[in-house]
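*Asks:* Kindly produce the complete structure, drawing on both the sequences and the hints.
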Amino acid sequence: MEARRYELWESAGLFGADPADVSASAPAFSMVIPPPNVTGSLHMGHALDHTLMDALARRRRMQGYTTLWLPGTDHAGIATQNVVERELAASGLSRHDLGREKFVERVWQWKAESGGKILGQMRRLGDSVDWSRERFTMDEGLSRAVQTIFKRLFDDGLIYRAERIINWCPRCLTALSDIEVDHSDDDGELVSIRYGDGADSIVVATTRVETMLGDTAVAVHPDDPRYSHLVGRQLDLPLAGRRIPVVADPHVDPEFGTGAVKVTPAHDPDDFEIGQRHGLPSAVIMDERGVITAHGPFLGLDRFEARPAVLAALREQGRIVAERRPYRHAVGHCGRCGTTVEPRLSLQWFVKVGPLAKAAGDAVRDGRVRIHPGEMAARYFDWVDDMHDWCISRQLWWGHRIPVWYGPDGEISCAGPDDEPPAGEGWTQDPDVLDTWFSSALWPFSTLGWPDDTADLRAFYPTSVLVTGYDILFFWVARMMMFGLYAMADQGPDAAVPFRHVALHGLVRDAYGKKMSKSRGNTVDPLDWIDRFGADATRFTLARGSSPGGDVAISEDWVAGARNFCNKLWNATRFALLNGAGAGPGQGGRDRAAQAGLAGLPGPAAALPVLAAALPGPAAALPVPDRWILSRLAAVTAETDALLERFEFAKACDALYHFAWDEFCDWYLELAKPALAKPALAGPGEPGAAATRSVLGFVLDRLLRLLHPVMPFVTDELWTALTGGETVLAAAWPGRRADGGGSGPDSLAAFADPAAEAEIGALMRLVTEVRRFRSDQGLRPAQPVPAVLAGIEATPLAAHQARIRALLRLTGPAADFAPTASVQAEGVTVQLDTAATIDVAAERRRLEKDLAAARAEVDSAERKLASQSFIERAPAAVVAKNAGRLAAARAEITRITGRLSGLPPPPSTPAP
RNA sequence: GGGUGCAUAGCUCAGCGGUAGAGCACUCGCCUUACAAGCGAGGGGUCACUGGUUCGAUCCCAGUUGCGCCCACCA
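So the first sequence is residues 1 to 912, counted in our numbering.
Source of the hints: derived by calculation from the structure; they are not laboratory data.
Do not take every clue at face value.
Claimed, not checked - In silico DSSO-like links for lysine-lysine, alpha-carbon gap of 27 Å or less: (1) K111 with K651; (2) K651 with K568; (3) K358 with K151; (4) K352 with K151; (5) K568 with K673; (6) K102 with K117.
*Replies:* This is how it looks when you write it as structure tokens:
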């Protein structure tokens with residue numbers, strides 16, 4: 001019924017948000033979706049992310065908030081370009097064969113074809129997003145936002161162009177920002193090389209031998225006595241036929257290696273700094289693909305071919321003093337393709353992050369933005385407080401082109417979206433595009449119409465909550481903070497923040513806590529689960545595993561458990577409807593008269609205010625089990641409400657699960673059964689079946705509302721059937737409301753009933769104790785047993801005799817009652833007449849029947865096995881299965897014979 | 001290299017100064033008229049190790065060991 005439900009919701013416009021609706025009693029609640037790659041598809045990480053967001057949105061809607069959840073997708077520059085390039089490569093083409101314009105056209109075309117798949121998948125998950133507001137980071141409006149903020153930052157001197165050592169991917173052929181580089185400890189070798197000769201020689205150590213071709217100095221620490229005599233002298237650089245100076249620089253650590261460092265300003269960020277300080281030249285010896293360009297025997301070699309070649313040449317000259325191998329050290333890799341990053345001297349655009357990052361840190365420090373869990377804030381500060389300038393230019397074609405034009409005489413002109421770009425002889429636009437995260441950083445306000453002053457922006461900015469994985473705290477969250485605070489600064493410091501709360505969740509892992517990866521083969525496709533177990537079960541599994549900032553382990557066993565929970569709700573609702581607890585069409589009719597006669601206790605649709613009004617104080621007029629379940633409902637409502645408010649999804653789900661299954665189904669429904677069937681079982685002074693019917697319907701109604709945010713489909717299906725209402729989406733949330741209220745006629749607090757909880761608690765303990773006895777004694781659950789509840793009159797359970805007997809299948813003592821055993825609990829001594837109740841003859845007959853079946857099974861299995869031993873290549877699995885059957889059947893025979901011999905001998909005199 | 005987190009039942013995890021909990025898995029019994037994808041009853045843990053604080057420590061402190069994560073320009 002999921003697809004049908006979703007269509008219903010969508011066509012009824014239940015997800016739309018109108019800024020005009022915002023008012024004091026319907027305040028705004030807004031979220032933007034972390035835009036997935038437009039050409040991507042839904043994976044478990046999205047499913048988790050979206051489940052949590054959807055739960056928040058649905059609850060807020062029920063609370064009465066004007067709720068906007070805005071969907072959209074990201075153009076994902078480098079990732080998307082790579083995919084399309086791979087596609088081209090399959091037909092032997094590169095992007096250069098097409099040319100820029102054609103290539104970009106091709107990407108758009110690809111986006112049109114395969115893009116948006118994930119949007120359809122979001123419907124399967126049940127995402128209650130406002131589809132009318134779907135955005136794409138390359139939309140015209142969002143591109144305007146990009147250009148606007150670029151221009152503003154440029155004019156403020158916060159964007160600059162400089163020649164720097166940047167991270168370069170020789171495969172993607174583009175610059176990368178620091179966080180697009182992944183470091184790992186790789187095996188390399190540390191080689192010590194002698195530069196110069198005789199007394200004028202110095203030994204340097206390096207892991208990158210080939211870069212020595214570009215050395216322009218050797219650096220030592222200024223206070224190092226070993227080398228002070230060499231500072232300022234020139235040394236011979238082996239293989240290169242050049243002489244390079246020895247310089248003194250405090251950056252050098254005299255403790256490390258020989259205390260002398262070779263300096264390659266064009267190929268190492270540290271060395272670049274040293275070179276700047278000492279005015280050293282930069283010798284570029286490699287091109288953008290990592291191929292050696294230095295003249296000599298190594299010209300044309302790839303960097304990894306050049307390394308052994310240079311090493312061999314040095315060894316031949318006797319320059320190698322020592323080699324240490326393997327030598328583990330950190331190496332950077334391209335976050336997108338894994339290629340070893342090459343530090344490269346190049347001219348790029350940067351964002352000067354100093355003031356922006358400071359503001360981003362302060363917003364969290366002074367509580368304008370709260371990060372959940374709070375511990376994650378430390379990580380955020382570490383990063384934001386010590387951030388390098390952000391390299392934003394990418395040598396790609398797919399993305400927002402840098403809005404800067406270069407004039408014939410070296411002029412630089414930055415154009416805003418409404419400016420006429422400089423034209424004429426010799427003017428050209430910068431060929432590069434912006435880092436994908438540049439446009440993502442604007443997402444919370446660019447999607448609402450910024451830079452225009454729109455109603456959406458006024459109503460829904462700042463957004464309320466940002467839900468995302470902690471893995472993109474730096475990539476995305478920190479940058480939205482920087483740009484949001486900067487772009488919206490005119491709103492004042494409080495209203496400029498992009499969001500009030502950041503709710504972080506973890507990664508989805510497998511059942512053993514291992515990261516999901518294709519190579520490990522442990523990935524799970526959420527759509528496969530949705531097909532097989534339902535979206536509700538999938539969502540519940542994810543939400544139940546998600547504590548703030550914590551990773552979520554999932555497995556098929558667990559989603560099956562969640563599926564079972566859905567079924568449990570389904571069956572409980574069926575029970576309620578069968579017993580006339582519904583208010584929908586055709587429900588409650590047969591008992592309408594009885595209900596009318598019971599003042600103020602009609603069906604569940606109107607039950608809440610009526611129930612509350614009819615009950616002076618704590619629901620005293622109701623049967624105790626009903627008072628108990630209402631009290632429990634009040635408690636779990638308050639608990640769930642508070643937990644969801646704190647983003648404690650796992651605990652909220654757990655609380656609801658236990659309430660629904662253990663308390664409502666396992667106890668309350670069992671207690672309600674006799675009450676519904678036999679009103680005479682009611683305690684003294686208690687109203688009968690009609691009251692229980694109302695309470696049953698009422699509690700189920702509230703339970704379905706509480707579960708709806710996490711399990712939207714099944715709860716709506718059941719709730720509409722139960723109540724006859726339009727949709728549970730529009731029903732009021734049982735906890736606190738948008739105006740902060742939670743008291744008044746709608747409050748459940750009045751149902752808190754410690755006396756009822758104590759009585760039912762005692763009843764539960766007593767019943768469990770007797771059940772244990774029955775189980776130990778092998779008394780079948782359905783077997784009635786005559787019993788006396790001695791001493792019960794003096795306990796709080798006095799009024800519950802009939803209920804206890806019904807739950808335990810205890811009958812009244814017959815004339816010949818002769819107790820054979822007793823169980824004591826809660827001040828009651830339950831005396832049972834077991835001997836008289838076991839129908840020994842019937843039991844013997846039953847056991848003998850089972851025994852015959854088991855013997856036949858043994859026979860059959862033995863025959864099967866015997867025949868299989870003659871069949872050549874009988875499948876091992878089949879043989880094992882039959883062997884298992886045989887063993888199980890033999891064990892069964894042992895068990896049954898044991899039971900038979902344990903049966904009491906047939907009574908000498910027939911029972912009366 | 002710098003941070004930081006975690007070690008509790010077979011697995012994944014809650015708990016947190018005072019008789020150890022959940023889900024799944026496991027054992028036994030049961031097709032008891034909402035549900036066998038279910039019902040009832042069970043078994044299972046020197047709460048990593050060593051010290052300390054305390055009347056009392058799984059919980060607080062210190063150290064040890066083993067994992068994990070984040071950051072990182074150490075040749």
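*Asks:* Now tell me, hint by hint, if it's right for this structure.
*Replies:* Here is how each hint holds up against the structure:
As the CA atoms of K111 and K651 are separated by approximately 40 Å, the hinted pair breaks the 27 Å bound. Pair hint K651 plus K568 holds up; C-alpha atoms about 20 Å apart against a cutoff of 27 Å. As the CA atoms of K358 and K151 are separated by approximately 21 Å, the hinted pair is consistent with the 27 Å bound. Of the supplied pair hints, the one linking K352 and K151 holds, its CA atoms being roughly 14 Å apart against a limit of 27 Å.
Restraint check for K568 and K673: satisfied, since their Cα atoms lie roughly 17 Å apart, inside the 27 Å limit. At most 27 Å may separate the alpha-carbon atoms for a hinted pair to count; K102 and K117 meet this at roughly 24 Å.
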